[in-house]
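A.B. asks: Protein sequences, first through last, are from chains A and B. If you're matching positions, the first sequence starts at 106 in our numbering and goes up one per residue. If you're matching positions, the second sequence starts at 3 in our numbering and goes up one per residue.
It cannot be assumed that every hint is accurate.
[Claimed, not checked] In the DSBU-like style, the derived pairs of lysine-lysine whose C-alpha atoms are separated by at most 30 Å in a straight line are: (1) Lys466/B / Lys361/B; (2) Lys197/B / Lys400/B; (3) Lys466/B / Lys432/B; (4) Lys32/B / Lys161/B; (5) Lys197/B / Lys137/A; (6) Lys466/B / Lys362/B; (7) Lys128/A / Lys197/B; (8) Lys441/B / Lys32/B; (9) Lys197/B / Lys140/A.
[To be verified] One-sided and incomplete, this derived list gives chain B residues near chain A with beta-carbon spacing under 8 Å: (10) Phe18; (11) Phe130; (12) Phe135; (13) Ser142; (14) Tyr144; (15) Ile164; (16) Gln165; (17) Thr186; (18) Phe205.
Calculated directly from the structure, the hints in this document are not laboratory data. Everything numeric in this text was worked out from a predicted model, so none of it was measured. Here a beta-carbon is modelled for each residue, glycine too, at the ideal position from N, C-alpha and C.
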Amino acid sequence: MRRAVTIILLIILALGISRSLAKIPFGAHKTKVGKYYINEGIEETGATNIVTSVVLNYRGFDTLGEITVLFIAAIGLGAVLTTNVKGETRKIQPASLVLYTGCRLLFPLILVFGTYIFIHGHLTPGGGFQGGAIIASGFLLIYLGCRERRINRVASNLIESLGGLTFVLIGLLGLVFGSYFLLNFLPKGTANTLLSAGIIPIIYIAIGFKVGSELTSIIDNLIEES
Amino acid sequence: MVNPVLLIAVPLGLAFAIPLFAFFWRPAAKYIPPAALVFNLVVSILLLAQVLENPLIVSIGGWQPPFCIILVAGPLGVLFSAIIALVGLLVSVYALDYIKEGPAEKYNMLFLLLLTGATGVVLTGDIFNLFVFFEILCISSYALVAYLRDKAGIESAIKYLIQGAVGSSLLLIGIGLLYGLFGTLNMADIAQNIKSVSPVSVFVPMVLIIAGLGVEAAIFPLNAWLPDAHSSAPSSISAILSGIAIEVGLYAVARVIFTIFGASSILLFLSLLGILTLLIGEMCAFSQNNIKRMLAYSSIGQIGLILFALAIATSYGVTGGLFQMISHTLSKALLFLAAGYMIYQAGSMEMSALEGLGKKMPLTCLAFTIGAFSLVGLPPFIGFPSKFLIVQSALAAKETFFSVLIGLALLGTVIEGAYFFRVVQVLYFKGEETNTPRKDAPVTALIPMFIFVVLSIVVGIYPKLVTDVLNSAASELINRLDYIRNILG
Chain A
106 MRRAVTIILL IILALGISRS LAKIPFGAHK TKVGKYYINE GIEETGATNI
156 VTSVVLNYRG FDTLGEITVL FIAAIGLGAV LTTNVKGETR KIQPASLVLY
206 TGCRLLFPLI LVFGTYIFIH GHLTPGGGFQ GGAIIASGFL LIYLGCRERR
256 INRVASNLIE SLGGLTFVLI GLLGLVFGSY FLLNFLPKGT ANTLLSAGII
306 PIIYIAIGFK VGSELTSIID NLIEES
Chain B
3 MVNPVLLIAV PLGLAFAIPL FAFFWRPAAK YIPPAALVFN LVVSILLLAQ
53 VLENPLIVSI GGWQPPFCII LVAGPLGVLF SAIIALVGLL VSVYALDYIK
103 EGPAEKYNML FLLLLTGATG VVLTGDIFNL FVFFEILCIS SYALVAYLRD
153 KAGIESAIKY LIQGAVGSSL LLIGIGLLYG LFGTLNMADI AQNIKSVSPV
203 SVFVPMVLII AGLGVEAAIF PLNAWLPDAH SSAPSSISAI LSGIAIEVGL
253 YAVARVIFTI FGASSILLFL SLLGILTLLI GEMCAFSQNN IKRMLAYSSI
303 GQIGLILFAL AIATSYGVTG GLFQMISHTL SKALLFLAAG YMIYQAGSME
353 MSALEGLGKK MPLTCLAFTI GAFSLVGLPP FIGFPSKFLI VQSALAAKET
403 FFSVLIGLAL LGTVIEGAYF FRVVQVLYFK GEETNTPRKD APVTALIPMF
453 IFVVLSIVVG IYPKLVTDVL NSAASELINR LDYIRNILG
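With the hints as constraints, model all of the structure from the sequences given.
C.D. replies: Right under this line is the structure:
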């Protein structure tokens, strides 16, 4: 009886919601800001990757918020997981030689690939977040393969801090040079070249370092705890 | 002219820079939040004089709205950012001595980011940007609730995290649907076009957004996380959560309902919800023996009253609701701050442990008593004019329905009075006479507490000091056409 009532209620709810959603023209030409970004994006921002031009230029303020959210998640996790007992050593079983050597071989390649992804964020798919995540995956590999290795926490905290600060300072420079926060005040260059799109690559490099070190410190915290 | 974006950018940059400063000089971490908040307070006050005449709209990145994110510094937003900076400043001074254990550097970063998120929510003119700042506010409060790393803290933080995350997802889905409908995220732009689509399509996004924001605003029945979270956080954080976080949630609800949707049809429902929240909160508070849980439930009650006042939707009613928000912020922050050291001294949050504390820590208990009287609404404190305004506006409203509900609200106030007087009685008139030495809270705690006391007395005697600002803030909320015209020209 109860189950039947639940099912009927759910059906009524689902019908109501679907009736309401049926009219919403997702992805239609009507999305006016979307159309504007596609038509004007490259010319106005200099970034060939339109997603990047939206993420870092038209809506750069949101991205500043997003990196703050990630920052909070990392330090929040650090605050909650900080252990009171220091110097406690656990027995670590070393990985096999194949795994050990494989990880050492792959690690620099992963770093190079991650760096490529965030430096070319304004030209090809990808960007600071993706590149940072790839770099962190390289560190994860080291944590799994070379088990006694640990990152330098002080250095990773400083990189995080500098990355965030760079973003805010570039924003403030825009305020100084053109009275708009996050204004793209540098020359836009020719589209499709590495040195184009003004402040976008600089911000993406800062984000790449920041996200990479943040995700790595999350991995570090979780591995210490497990 | 000061750019309102500095209110967000400067504290954000300083929060990022805390590890850098701490690397060179360890104690620097705890002095940065007060410094950043002094800056915010000064800038907000400078702006306030200016935006009372004309709201200030700034674009970020230099494009035209709706293609970029804008900040709208109207009287409402700047008033809120001033209150956030003021309360945050006083609480951060209190925390200088109060936070002794744990990773203090991380505490200070999270604290400052929480307030930055709150400031962003009240200033932004873009609905997705509102979501982003809302997330900053919420996620840093999850982490801060668990800061003491005891069992109660972790448990309540996880409860809060789960409910908050569900709420945020609903909010995000709602925003996604709105974007699908209108192809824009600018609040004024959405508001302008909201009547052009059928009300059925708008209904689901509206419900999702209000429910999502309602979790953080602690509207019944979405507030199960609040008593646990507010009572097991460190007291300085409880003061911020109760005094700022839920008010900002409620601001967002009001902004969405009044400005974006212009929905007058659900106001009656919301006023009913408000009264329900009020009565349930006050009755639960009455039955508590744990002082911080009692204060937390009383926050639920106050939120109910504010929601009710906002839902009256006349200029009187909204002014009363905003006034009540300010009076609740000042009084509840004061109560939590005082309770922090009372618990520290008594060694327990149980009411029975507080017996006779009035003689051991006279100043702290005096501050607590004044906070309690102000919250109940006794003259000459700030709670009196704000509650009086709400009663007046409910009686003046066209619907007799509100007059009935205000009777119930007054019943809630009576219950509120009963349990607060019980605490005051326990503090001063219970317990044996012992000759324990006086040991009051440290000066860094007493100064913020007495600033709150002075503020609530001064505004209580001269409500005119704030009512002008409140009136123009209320009219910003009610006159959505003016809001749209100011932004889109």
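A.B. asks: Would the hint linking lysine 197/B and lysine 140/A be met if the CA-CA limit is 30 Å?
C.D. replies: Roughly 22 Å between the alpha carbons, so the hint for lysine 197/B and lysine 140/A holds.
A.B. asks: Holds or violated: are the alpha carbons of lysine 197/B and lysine 137/A at most 30 Å from each other?
C.D. replies: Given pair lysine 197/B, lysine 137/A holds - Cα atoms ~17 Å apart, limit 30 Å.
A.B. asks: Would you mind confirming whether the straight-line C-alpha gap from lysine 128/A to lysine 197/B stays at or under 30 Å?
C.D. replies: Distance of about 14 Å is within 30 Å: holds.
A.B. asks: Threonine 186/B was flagged as interface toward chain A. Is the shortest Cβ-Cβ separation under 8 Å?
C.D. replies: holds (5 Å)
A.B. asks: Going by Cβ atoms only, is serine 142/B closer than 8 Å to chain A?
C.D. replies: holds (5 Å)
A.B. asks: Interface hint check: phenylalanine 135/B, Cβ to nearest Cβ on chain A, cutoff 8 Å. Holds or violated?
C.D. replies: holds (6 Å)
A.B. asks: Does the interface hint hold: is phenylalanine 18/B within less than 8 Å of chain A, judged Cβ to Cβ?
C.D. replies: holds (3 Å)
A.B. asks: Would you check whether phenylalanine 205/B satisfies its interface hint, that is, whether its CB is within less than 8 Å of any CB in chain A?
C.D. replies: Holds: closest Cβ of chain A sits about 6 Å from phenylalanine 205/B, inside 8 Å.
A.B. asks: Does lysine 361/B lie within 30 Å of lysine 466/B when you go C-alpha to C-alpha?
C.D. replies: violated (36 Å)
A.B. asks: Given the proposed pairing of lysine 197/B with lysine 400/B, does the C-alpha separation stay at or below 30 Å?
C.D. replies: holds (25 Å)
A.B. asks: Once the shortest beta carbon distance from tyrosine 144/B to chain A is found, is it less than 8 Å?
C.D. replies: holds (7 Å)
A.B. asks: Just to be careful, I want the Cα atoms of lysine 466/B and lysine 432/B compared with a cutoff of 30 Å; is the pair within it?
C.D. replies: Violated, because 39 Å separates the two Cα atoms, which is more than 30 Å.
The structure is inconsistent with the numbered hints 1, 3, 6, 15 and 16, although it conforms to all the rest.
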